[in-house]
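Chemist: The hints should help you fit chain P onto chain R, whose structure is shown.
As given, the protein sequences belong to chains R and P, one line each in that order. Straight run, no breaks: the first sequence in the numbering used here ends on number 631. Straight run, no breaks: the second sequence in the numbering used here ends on number 280.
Hints were generated in silico from the structure; no laboratory data involved. Heads up, some of the hints might be wrong.
Derived coverage of chain P by chain R (criterion: at least 3 residues anywhere in the stretch with Cβ under 8 Å from a Cβ of chain R; other residues may be distant) [said to hold, decoys possible]:
#, region
1, 42–53
2, 246–254
Pulled a few chain P residues facing chain R out of the computed Cβ check, cut under 8 Å [said to hold, decoys possible]:
#, residue
3, 66
4, 81
5, 92
6, 188
Note that this is a predicted model, so its numbers are computed, not measured. We treat Cβ as the ideally placed atom computed from N, Cα and C, and that holds for glycine.
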Amino acid sequence: MKTWQRSLVAACALLALFGGVAYAQAPGASPVDFPYTGNRTAVWIVAQLHILFAAFILGAPMFVVMSEWLGYRKQEPRYDRLAKEVTKVTVILYSMTALTGGLFIFVLLATYPQFTTWFINQFYLVFAVIYPALFISETFLLYMYFYTWDAWKGEKKSRHIALGVLLNLVGLITLFVINGPTSFMNTPVKAEGISPQEFLATATLWDKVANYSWMPLNLHRIVGNVTFGGFVAGMIAAYMYMGAKKDEERAYYDWMGFVGNLIGVGAMLFLPFMGYLLAYELCDYDASICPYMMADQLSMFFEMQGAMIGLMFLASNYYIWLSMKRIEGADKVRMTILAPIVMVLLPLVMTKVMTDYPVPDPMSLAFLLPLILAPFTLARFIPLVRFIPLVGRFIPQTVSARTVIKVGFLMVVVGDAIWLTPHGFVPTGAKMVAELELPSEWNFLALMPAKNSAAFTLVFVTVVNYVIYNRAIRQGTIVWGKIDFVSQFVLIFLAFSSIWTMGLMGAVRSLLRKYYHTYNLLPDFTAESFTPTLSYSAWWVTGITVVFFAVVSFAIIVTLRPSDSKGHAPEASPVPARAK
Amino acid sequence: MWNVIKKLLIGLVVGGVLVGLTRVFEFPFIFQMMFFAYAMLGSAVFILLDAPALKPMGGIKSVIVLVAFYIVLCTAFIAGASMWPQYDPQDEMGKIDKILKPKRAATEQGKAEELIARAKALDEQVKALTVRLKELGGDQATKEQAAGGSGAPPATTGAATGDFMKMGEEQWQLQECYNCHKLKGEGGKKRGPELDNIGTYLTVDEIKRKILDPKSFMAEGYEKDWEKGKMPDKYKDLMEDNDVVALASWLGTFKNTAVPTPKPIKKK
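Isolated chain R, as found in the complex:
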């Protein structure tokens, strides 16, 4: 896409935004009836698509700059090439973000004119001044960052990296700003003893933005966007690997897939805890949200989420397993026997400790920290837990990396099983019958301590596997481009699953408002303000994900295929991994 075409798209989006604001001020506008999908689902589709594109254009630049900086510091051209290729795709998707953003405003205004007018009035300064200003700044910075890539190299590279950091800063501020109105819809400002309407009348813009779920949502979305960006970079690498005709191209895209997956998985390790923090704040805001999520209408959405996250952890560990297979000498790597022992003990001990000392009681750390750190030499560097390596001296036995990883897989399956086990196979607590309910003495399997321990077991196993992988590449020789071909499908699976899960949880966050546009403040009187079924939601989430993938795939093919002819420095020669 040429510069003038991109500019035209951006201008259309801005026109839509300002036109939308103007239209919202028109009195007496009546809603349209969206055919086939209905109004709510129409808004859902466009909003979700917009968020997926926005998540990528905010998440990708974070690791693009990191990659560029690594390339500069290590004088390693592969990192710079990775950064530039992902930026090429980001630039096209940036136009799509603007386009879907404009469409989102139009559809919202056409379907919910009264609510949209009210909402824009509440955040007029944000929608009419701050957000457009940030959006224009980001557009300017992104294009400048992309078009100065070749001009600002060599001695000017640090200037280019600084520009990338600035781009990320503006991107983060944009995310924080737009999260204000979004989180406000879930947790509008309130004060004890005053009605929400009365309090809202006196609330400042900052009161409305800095609501209960604002910061947890910011953190959740930052981590989610990096995960998303990493996995999409992995998917780009997988496509290119599949289409590569030369060994050096395969070697490069194998490496790129590994880096994308490493970033995606690294960020994903924090996601369960960020999600937990967001849910904790939502429940703290209004305790009735908690049963609605976990025990009532949305409980099965969380079962599906558990299934997806379990599959993603299995897939990411399987990718490490496949990566290990291409390291010559990896079979000689050994690890303390404490690692598999801790893996097996962790779900049991953690469930017991967190039942006795529930979150946020710090006492639980006194028991869990020594257990978790026991297999790692990292403990030597932490003064408070220096005694832990002593345990290792008393138990000098080691086991092969293969054994540790296999025990790890077993525990990932166990972790998935604990996470998935529901209190009962019913859609709401009201329909619970004995034939579908866990026996009361086993009910702890469905409670939060068990779910937390399951999530932590998945994270722990993944960290141990990466530690083993790190040891393997230090001791062995890695041959890029020789990975099992099935790994490319694993990368695509991870990208598709993470985006699908993001869509599902986005729907959950919106549905938490129940029959309100803005929770407890502005009711949704339309006939569509009910909780849809999980099956119905899955259909639409899948449809949205497929559309997003089609666009991203097109963007990858359009932007990266021509690079074949240009040629790149060979990167396939097998070298000892420690040299990198």
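Modeler: Here is chain P on its own, set in the frame of chain R:
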């Protein structure tokens, strides 16, 4: 191949053991099957770990395989989500309508809709009266009307004289109080105190006060929840006054001393 068979057999044995154990511990059948499925998942994972490497492919073949892979993923995710128990939106629609009805009526649009509905009702009555007058003759109709006979116009704003207790029970369901409080052995999950004996401790007015101002009373043993403000302070804005009175009156009838309802302590 032997590797696959061996791992399948191990999966079946582990699954069988899990089913046996869950039967001993009296897990319902569906949970027994769930544990069996976990064992088979484990088996599939270990088969995959030692599976032979996939040969590289390219060109149109890789595109076809990729499209097929996406189709499988989409089908698996939709089927997976559809296999979980599905919530029936019909259960909620009636509830939402009842909860939002007074709020809708309070809006400008709601008021306009109510006026239009009333005007239509009056118009119907006028038409009916005109027909009746023609049938009976003017004098007779006037006398019947004065005596409140069959010619009198039906009331347009009927007083709410329904079963007050039934209305209270309905509010219990509509506001989903059962999600936190156990009553008649149902609901609760220990989030809030069991309420079967609340009528012994609190009067209807005091229960009403607790609903409208959750900080006014604290249940014994629920100090942390009270301090955190676990019971939402929103019902004064969400519920109509007569709905709160109906709910409080209904709860006031529960005086089952056999149930250990925690004693409420007055805080305000």
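Chemist: Each hint needs a verdict: does it hold in this structure or not?
Modeler: Hints and how they fare:
Closer than 8 Å: that is the beta-carbon criterion, and the region 42–53 of chain P has 6 residues meeting it against chain R, so the requirement of 3 holds. Remark: the region 246–254 of chain P is confirmed as covered by chain R, as 4 of its residues place a Cβ nearer than 8 Å to a Cβ of that chain, reaching the required three. About 4 Å separates the beta-carbon of residue 66 of chain P from the nearest beta-carbon of chain R, less than 8 Å, and the hint is met. With a least beta-carbon distance of about 6 Å to chain R, the hint placing residue 81 of chain P at the interface is held under the 8 Å criterion.
Here the hint on residue 92 of chain P is kept, as its CB sits about 6 Å from the closest CB of chain R, short of 8 Å. For the restraint placing residue 188 of chain P at the interface with chain R, the shortest Cβ-Cβ distance is roughly 7 Å, inside the 8 Å limit, so the hint holds.
In terms of the numbered hints stated before, the structure departs from none.
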